[in-house]
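S.K.: Go by the hints and put chain B onto chain A.
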Amino acid sequence: MRRIYLDYAATTPTHPLVLKAMLPWFTDGFGNPSSIHSFGRESKGAIEEAREKVAGLVGAKSDEIVFTGSGTEADNFAIKGVAYAKEHKGKHIITTAIEHHAVIEPCKFLEKRGFKVTYLSVDRDGLVDLEEVEKAITDETILISVMHANNEIGTIEPIQEIARIAKDREICFHTDAVQTVGHLPVDVDELKVDLVSISAHKFCGPKGVGALYIRKGTRIVPFMHGGEQEHGQRASTQNVPGIVGFGKACQLAEQEMGQEKERLETLRDKLINGILNRIDHVHLNGHPTQRLPNNVNISLEFVEGESILLNLDLVGIAASTGSACSSSVLEASHVLLALGLPHESAHSSLRLSLGQETTEKDVDYVLEKLPQIVKKLRAMSPLYKPGRK
Amino acid sequence: MKRREDLRSLYSEKVMEHFQNPRNVGEMESPDGIGHVGNPVCGDIMELYIKVKDDIIIDAKFKTFGCGAAIATSSMVTEMVKGKTIEEALKISNKTVAEALDGLPPIKMHCSALAEEALRLAIEDYLAKPKRKEE
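Each protein sequence line maps, in turn, to chains A and B.
Residue numbers for the first sequence follow my numbering, beginning at 1 and rising by one.
Residue numbers for the second sequence follow my numbering, beginning at 390 and rising by one.
There are no misleading hints in this set.
Once the Cα atoms are required to be at most 25 Å apart in a straight line, the calculated DSS-like pairs of lysine-lysine come out as:
#, chain 1, residue 1, chain 2, residue 2
1, A, K135, A, K116
2, A, K385, B, K450
3, B, K403, A, K375
4, A, K192, A, K89
5, B, K471, A, K376
6, B, K440, B, K471
7, B, K440, A, K385
8, A, K375, B, K450
9, B, K471, B, K484
10, A, K369, B, K403
None of these hints come from the bench; they were simulated from the model.
Quick caveat: nothing in here was measured; it's all calculated off a predicted structure.
For reference, chain B alone in the conformation it holds in the complex:
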């Protein structure tokens, strides 16, 4: 149908799927790490929460104020980190997130950079809490 095609010319089907049914939305009770990025001027604000056990990210959640691409990349990055070790999670880049979504329009690549940044900050926040790490 014409209408669907029109939407696809804007965002990939995968982006639209994650945008319509975002995974892992919400805040987390007592997270092990929080990443907060963005500013109101650019129009994207992202909060990412992780729960870590034995060096493995066992859960991730997000809250995002932003466009379709920002919401889809938030959803995708939380999916991607689950079950990964901290070391593996740090290797996730904005490019891999965008690729997992079958690409983003060039002007929206900064949204995936934001998701990468939020993840990195959440991990740094976790690593800065030595006590919990030893538990």
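Bound conformation, chain A alone:
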């Protein structure tokens, strides 16, 4: 049976050229980058070369890039690092209700330690209101963190405008750009951001490596204490093969991004329109145009997400849902609920995220299979009353 992977927002396969670049650094190039000898210097050279590539992709200087173990770590580093560095100045943080757990949970952690956090609401398309940002700022505000694009619904936030508000008030601004770097142009100076979280495995790099961009002059407490690696910001012997792979993935993204974006947008819109035309009682979640090139998120009313996923899996299609039934905490997606969706619609959500191996044939296959699955599940749904509007 053919297998179609449509969960690229969760993770991507490592690009063959990325893997090829990594392999020597497991064996011959095993030296510790902190060592003085030639083995160490070779590894050090490799990670500095990778740092330049990562910096180059986001328009940063290479000494503003700190390698981390993941995107989640970069988010934790940014939120807690700034909070601890500036707590004498104030204890108020502004973020949004639709952030990734990697931002929300550190914020909740800080709330238990005396910080105040404002979680900005979003409109039905998932957009943050600039006026709300302005209104939330107090003399105590030390950090604003708004994600560049949402991982579930794909909505791209007006980061440049929000960052300008933060800059005018001299407040540190962080963006979780895990879903955008490598997919869309991200330039730290154009966006006027102070901190940016990046993850390698979201754009064909390896898992277990990410980075935090830290604008020169930003006050932040180191994430790990120990050796002097990463300018003393993140102690730990670096993951040399991972970092080399990350650098290679950035280089490839820089070359392929523009073309790939257009190709994916065409496939995305074909998939969205195809579903809307073939199935009734369906709506798109997230912004219709201001959205990631590879993100499709829909609610298929009257049917539950996990049962859709299982049926898709049985015909070889891998996707994801915001339904409570598929989460380990049995709660529906906080992002979908923040859009104002009723619980039933959140449970009925399906996310299909496309990537470099997705073809038009794959889209056609989904458009052939999905209506049959929805029909079958609706026939057993007590919520579905055929003929009703």
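M.R.: The following block gives chain B in isolation, referenced to the frame of chain A:
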């Protein structure tokens, strides 16, 4: 095959079999008892219908909005009650339903509790209709 193994690590083969080919799906014309449970917040909604003759459940049907486990337990419980007396049917617990399906993941045990609850409510609904019982 690798893929099948992966699915089995999520749900037992029996759960998947009932999920793919659920028995007794649908509404029932003039049922003797209806059990309606669940709420949209938790994401599972179950409706169970029974037909009773001479104190024996002669037919059962269901409609369910829910995950794989919810659909499979609905299907299994309707299979299990058919031919049972009211007294016997009341003895069916969520545990026996889950066991009949070769087990459920711990986090999905509440789905089988929902099936038990729907059955109990359908029987209570039937018992609350004295007229029909005397027929």
